[in-house]
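J.: Chain residues, written in single-letter form:
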Amino acid sequence: MEMPEERLTAATFEELAMPLFDQLYNFAHWLARDPAEAEDLVQETYAKALRGFSSFQPGTNFRAWMYRILRNTFLTSRSGLKETVPLDLADDAEVPARSDTPETILLERSQQQLLQTAMEELPLPFREILLLCEVEEMSYQEIADTLSVPIGTVMSRLSRARTGLREVLRRKLKRT
Amino acid sequence: MADQWTAKLDIYLDGELPASEMQSLDAHVRSCPSCAADVLNRLQLKRTLQSAGKRYQARPEFRKRIQKQIATRPQTSAVRLWIASAAALAVLLVGGLFLAHLGELRLARQRTFSQVADLHVATLASPNPVDVVSSDRHTVKPWFEGKIPFTFNLPELQNSEFTLVGGRMAYLRHSPGAHLIFQVRKHRISVLIFQDRDMKGLSSDSGAQTELSFNCESWSHGGLRYFVISDASPDDIRQLVELLKAAARK
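Residue numbers (the numbering used here), protein chains in the order written: chain A, 1 to 176; chain B, 1 to 250.
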């Protein structure tokens, strides 16, 4: 979604921003875990983006820009601040993925719901990076742009997020 | 032996491995059943997560609200249009008021000149047009002392065609003033002097104009408003006006 070098107009903004509406709302809901709050988030995101559209640099990634606004809006919101409890993120530490994965069981049971609840249990940084990568299918570079972190951090955090998700799933599957 | 690859399997599936590594890993997965199974599992998780992640849908009303919000630019211009219209309306209103004010002033001026003409006509029609009959300005001027709230200078007429006939009290717009009658040949000329503050709406110097076919001129000087009106020619009027102005400057 690279923007060509062209004059930015309100019409351009609408053309670019509205197709992102569904995915932005989904992402907002995942972050806020509340429909009303998700709506507030999306609404504020669009308002901020529209206001700041003149400062958007054509040629850069518009989708990442929108997600960044939404994410920053969430992080400064009340529930966002609650979510940002210090975590031992140690992004640079390599965590090897374990091979005894619960995916097989998932495959058999096709437990989408289980996966959703597992996602909800993940801390925000893991939840959001998995959503950006798997659901939004962003490239590492896009994720880096969205989260304002280097690509190396994206890779290590993603690895830790996946490990974390597998841990939660494993725990949940043991219980069932 | 597959450990060196395991860490990279997710990056491989994300399509983010450098091309060279991608090829090597591809080759390895094809030859390693354990890694192939792992890739399959991870791929399954990836796909399940992809669909499970698309979980929340916004209400259609909310989408409409956002769309409306985005379309605030036209609304903004609508607001601008509204402001512009309001400004234009204000300009029109002020302009209208100004024109109305100008109209009022013009009307007041016309009324004043009409009254001046009436005073002139009434005086000439009167059997006793003047209360002080004298061609001597030193007689006429003191006669007004105590009768009007100001004084004025009269010109020396010895070397001119004009003669002073006399004077009387006059009222214009309820304001007291001096009404002097001059004569040039057979024509009688009224000179009316009032306080200028009571004569709002009149220009400082009207120039020559006509009222009921009389030639007249009006001007203000030193807080006094002068009117000169007569059936005499504009040139005669002008000459008397110059004499009066010169006298007033003394």
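Read the hints as simulated data drawn from the structure, not as lab findings. Here a beta-carbon is modelled for each residue, glycine too, at the ideal position from N, C-alpha and C. Any given hint might turn out to be false.
Just some of the chain A residues that point at chain B, by a computed CB distance under 7 Å [as the list claims (entries may be wrong)]:
id, residue
1, F53
2, F56
3, L131
Here are a few chain B residues that sit away from chain A, every Cβ distance over 10 Å (derived from the structure) [stated by the list, open to error]:
id, residue
4, Y56
5, A58
6, F62
7, N153
8, R197
9, L202
10, E217
J.: None of the hints should be skipped; say for each whether it holds.
T.: Against the structure, the hints:
1. F53: 10 Å, violated
2. F56: 14 Å, violated
3. L131: OK, holds: L131 (chain A) within 7 Å of chain B, min 6 Å.
4. Y56: The assertion about Y56 (chain B) is violated, with a minimum of 4 Å to chain A.
5. A58: For A58 (chain B), whose nearest Cβ neighbour in chain A is about 4 Å away, the distance does not exceed 10 Å, so it is violated.
6. F62: The claim is violated: F62 (chain B) sits with its nearest Cβ about 5 Å from chain A, within 10 Å.
7. N153: 73 Å, holds
8. R197: Holds, since 58 Å exceeds 10 Å.
9. L202: Per Cβ check, L202 (chain B) is outside 10 Å of chain A; nearest 57 Å; holds.
10. E217: 64 Å, holds
The structure is inconsistent with the numbered hints 1, 2, 4, 5, 6, although it conforms to all the rest.
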